[in-house]
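Take the sequences, apply the hints, and build the full model.
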Amino acid sequence: MRVVTLHLTNYRSWKECGLAFHPQLSIVIGENGSGKTNILDALYLASYGRTLRGRDEDAIRWGERESSVRAIFRSEGGAERAVQVTLGPEGKSMFLGGRRLEGRTELVGLFPLVLSSSDDLDIVRGDPERRRNFLDAVASLLYRGYLDTLREYKRTLRQRNRILLEMALGRGGSMVSALAAWTERLVVLGEALLRKRLRSLEELGPQLSEYYRELVGGGRCAVRYLSRVDVDVDDLRAALEKALAVSAVEERERGMTLVGPHRDDLALEVDGTDLRKFGSRGQARAAALALRLAEAKLVASRGEPPILAVDDAFSDLDDRRAERLLAQTTGFQTILTSAEEARTRELLAARAAHGRVFRIRENQVMEEVLA
Amino acid sequence: MRYASPAIERAIERLSRLPGVGRKTAQRLVFHLLRSPQDETEALVQALLELKRKVRYCSVCFNLSEEDPCQICADPQRDRSTICVVEQANDVVAVERTGQYRGLYHVLGGALSPLDGIGPEQLRVAELVRRLEGGTVREVIVATNPNAEGEATAVYLARLLKPLGVRLTRIARGIPVGSDLEYADEATLARALEGRTDL
Numbered sequence: 121m122r123v124v125t126l127h128l129t130n131y132r133s134w135k136e137c138g139l140a141f142h143p144q145l146s147i148v149i150g151e152n153g154s155g156k157t158n159i160l161d162a163l164y165l166a167s168y169g170r171t172l173r174g175r176d177e178d179a180i181r182w183g184e185r186e187s188s189v190r191a192i193f194r195s196e197g198g199a200e201r202a203v204q205v206t207l208g209p210e211g212k213s214m215f216l217g218g219r220r221l222e223g224r225t226e227l228v229g230l231f232p233l234v235l236s237s238s239d240d241l242d243i244v245r246g247d248p249e250r251r252r253n254f255l256d257a258v259a260s261l262l263y264r265g266y267l268d269t270l271r272e273y274k275r276t277l278r279q280r281n282r283i284l285l286e287m288a289l290g291r292g293g294s295m296v297s298a299l300a301a302w303t304e305r306l307v308v309l310g311e312a313l314l315r316k317r318l319r320s321l322e323e324l325g326p327q328l329s330e331y332y333r334e335l336v337g338g339g340r341c342a343v344r345y346l347s348r349v350d351v352d353v354d355d356l357r358a359a360l361e362k363a364l365a366v367s368a369v370e371e372r373e374r375g376m377t378l379v380g381p382h383r384d385d386l387a388l389e390v391d392g393t394d395l396r397k398f399g400s401r402g403q404a405r406a407a408a409l410a411l412r413l414a415e416a417k418l419v420a421s422r423g424e425p426p427i428l429a430v431d432d433a434f435s436d437l438d439d440r441r442a443e444r445l446l447a448q449t450t451g452f453q454t455i456l457t458s459a460e461e462a463r464t465r466e467l468l469a470a471r472a473a474h475g476r477v478f479r480i481r482e483n484q485v486m487e488e489v490l491a
Numbered sequence: 365m366r367y368a369s370p371a372i373e374r375a376i377e378r379l380s381r382l383p384g385v386g387r388k389t390a391q392r393l394v395f396h397l398l399r400s401p402q403d404e405t406e407a408l409v410q411a412l413l414e415l416k417r418k419v420r421y422c423s424v425c426f427n428l429s430e431e432d433p434c435q436i437c438a439d440p441q442r443d444r445s446t447i448c449v450v451e452q453a454n455d456v457v458a459v460e461r462t463g464q465y466r467g468l469y470h471v472l473g474g475a476l477s478p479l480d481g482i483g484p485e486q487l488r489v490a491e492l493v494r495r496l497e498g499g500t501v502r503e504v505i506v507a508t509n510p511n512a513e514g515e516a517t518a519v520y521l522a523r524l525l526k527p528l529g530v531r532l533t534r535i536a537r538g539i540p541v542g543s544d545l546e547y548a549d550e551a552t553l554a555r556a557l558e559g560r561t562d563l
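The listed protein sequences correspond, in order, to chains A and B.
Be aware that the first sequence starts at 121, since it is given in this note's numbering, and climbs by one per residue.
Be aware that the second sequence starts at 365, since it is given in this note's numbering, and climbs by one per residue.
Worth flagging that the hints you see were computed from the coordinates, not collected in a lab.
Careful, some of the hints might be misleading.
Unchecked claim - Straight-line Cα separation of at most 30 angstroms, DSSO-like style, residue types lysine-lysine; simulated pairs: (1) Lys-362(A) <-> Lys-274(A); (2) Lys-397(A) <-> Lys-274(A); (3) Lys-212(A) <-> Lys-135(A); (4) Lys-526(B) <-> Lys-212(A); (5) Lys-362(A) <-> Lys-388(B); (6) Lys-274(A) <-> Lys-526(B).
Below, the structure written as structure tokens:
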């Protein structure tokens with residue numbers, strides 16, 4: 121998949137901005153606060169039907185009523201399709217080739233985009249929830265129906281937790297007699313989630329370590345599933361049942377379900393060092409990038425290669441790693457942003473890269489072609 | 365804005381209490397009624413009054429009916445060895461539309477939902493168990509909605525009823541996930557009934 125053109129009107133810092141991207145490599149250069157990330161944010165909106173950061177309505181330019189983002193995408197086969205997303209006082213409307221879409225689920229997946237930003241450091245170093253969300257996103261790419269199972273699991277969990285809470289408070293009445301039924305549903309759904317998460321990791325893991333080694337030039341990066349459920353057995357259902365049984369007394373005291381997919385985590389390790397708590401910022405950044413590249417590879421294995429966008433691409437990377445990042449992006453249409461003009465130009469010259477540079481100065485975009 | 369006529373205000377206020385009706389819609393309805401002939405409005409009032417006067421729950425299956433027992437329970441042609449358990453009276457209508465089912469029904473009056481304070485005692489579960497005690501019922505088809513609450517209810521019923529020795533089946537999930545039985549089209553629901561599985 122490729123994005124051919126992107127047009128922003130009253131979107132975040134931009135009054136008007138139009139870009140015609142290069143089929144392989146486009147680099148947006150601008151100082152901090154110049155609106156680079158807002159361009160990727162707009163691309164994210166056109167692909168996912170929601171803004172990358174914050175609430176949709178906050179993306180409307182200050183003092184304006186309405187903002188819109190238009191993009192033209194081109195598939196491998198050459199078919200072009202236009203997407204328009206408009207944000208206004210009446211909310212959000214999305215159009216695909218002039219047809220109004222019911223919701224963003226109609227849009228998601230049509231124009232695959234994998235976006236890496238500085239927020240991704242939180243996947244490596246932040247709360248377990250960030251890592252679970254990343255893994256859930258990957259699993260939902262690989263398995264149709266995963267999101268439905270996840271949604272039903274979360275709903276079942278909330279319902280079951282209510283019974284446990286009532287029990288912890290010494291109430292509950294006739295609801296308590298249904299606890300076993302809710303537990304059985306939680307186990308069935310939880311097992312399905314566990315199985316698909318583990319299979320997703322089996323595919324993601326090798327890609328992750330390969331991309332990490334390519335980016336850093338060494339080091340063994342591995343990812344492991346962490347759970348109070350014994351996931352090294354074939355019978356995951358029995359394992360989950362057992363873990364729930366072990367925590368039965370504690371969960372009734374604390375009024376919530378203490379084991380299961382909603383409490384699990386991923387360990388990201390480089391040469392045995394747990395990057396969640398230790399390791400350098402550079403290692404964390406390389407691991408975050410490698411996770412996104414691995415995700416892009418998995419998306420490509422299931423259909424069209426996604427568009428790859430990397431915000432602030434070269435920060436926290438030394439020149440060698442930055443060069444290696446450029447080398448790893450072939451195979452995807454790549455859009456990078458950078459605040460370091462001189463360094464970025466040197467990197468591009470060293471690689472004799474073909475592509476297009478967009479230089480932002482005073483809310484204007486100047487375009488150059490790299491020979 | 366308020367209207368000079370208290371009668372208009374009263375009608376708007378009453379109508380806007382209905383689910384899905386806001387003040388704007390209520391206004392539109394009121395002006396439509398003002399413009400329509402007298403007998404139209406009287407017929408509407410009559411229909412609404414009859415609703416409350418005549419419609420009751422069937423004391424056997426708890427379907428909505430004007431007779432007790434309801435037409436389905438009273439019909440000698442229906443297969444008395446099978447009971448289809450649904451959440452709401454609307455679901456009976458949905459299953460009947462398929463034309464595939466000749467047994468009886470049991471309307472639970474909802475699904476388990478601790479978040480809404482609904483446990484087995486808030487549903488017509490005990491009444492269902494009593495219906496099975498006679499021994500005529502050989503199969504119970506659980507046709508609760510294919511969402512978290514409906515599935516948990518199905519599991520609860522399975523655990524409760526299995527020891528009674530009846531065959532328990534669950535309609536297959538041919539129905540789009542996250543939607544209500546009430547809105548499923550006939551073909552989908554018919555297929556789901558056909559593909560029902562043992563619980």
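Cross-check of the supplied hints:
Taking the CA atoms of Lys-362(A) and Lys-274(A), the gap is near 20 angstroms; set against the 30 angstroms cutoff, the hint holds. For the given pair, Lys-397(A) sits about 28 angstroms from Lys-274(A) by alpha-carbon distance, which is consistent with the 30 angstroms threshold. Proposed proximity of Lys-212(A) and Lys-135(A) is supported: the alpha carbons are some 19 angstroms apart, at most 30 angstroms. Restraint check for Lys-526(B) and Lys-212(A): not satisfied, since their Cα atoms lie roughly 50 angstroms apart, outside the 30 angstroms limit.
Under the criterion of a C-alpha separation no larger than 30 angstroms, the hint pairing Lys-362(A) with Lys-388(B) is inconsistent with the structure, at around 56 angstroms. The suggested pairing of Lys-274(A) with Lys-526(B) holds, with an alpha-carbon distance near 28 angstroms, which does not exceed 30 angstroms.
In summary, the structure is inconsistent with hints 4, 5 from the numbered list given earlier, while agreeing with the others.
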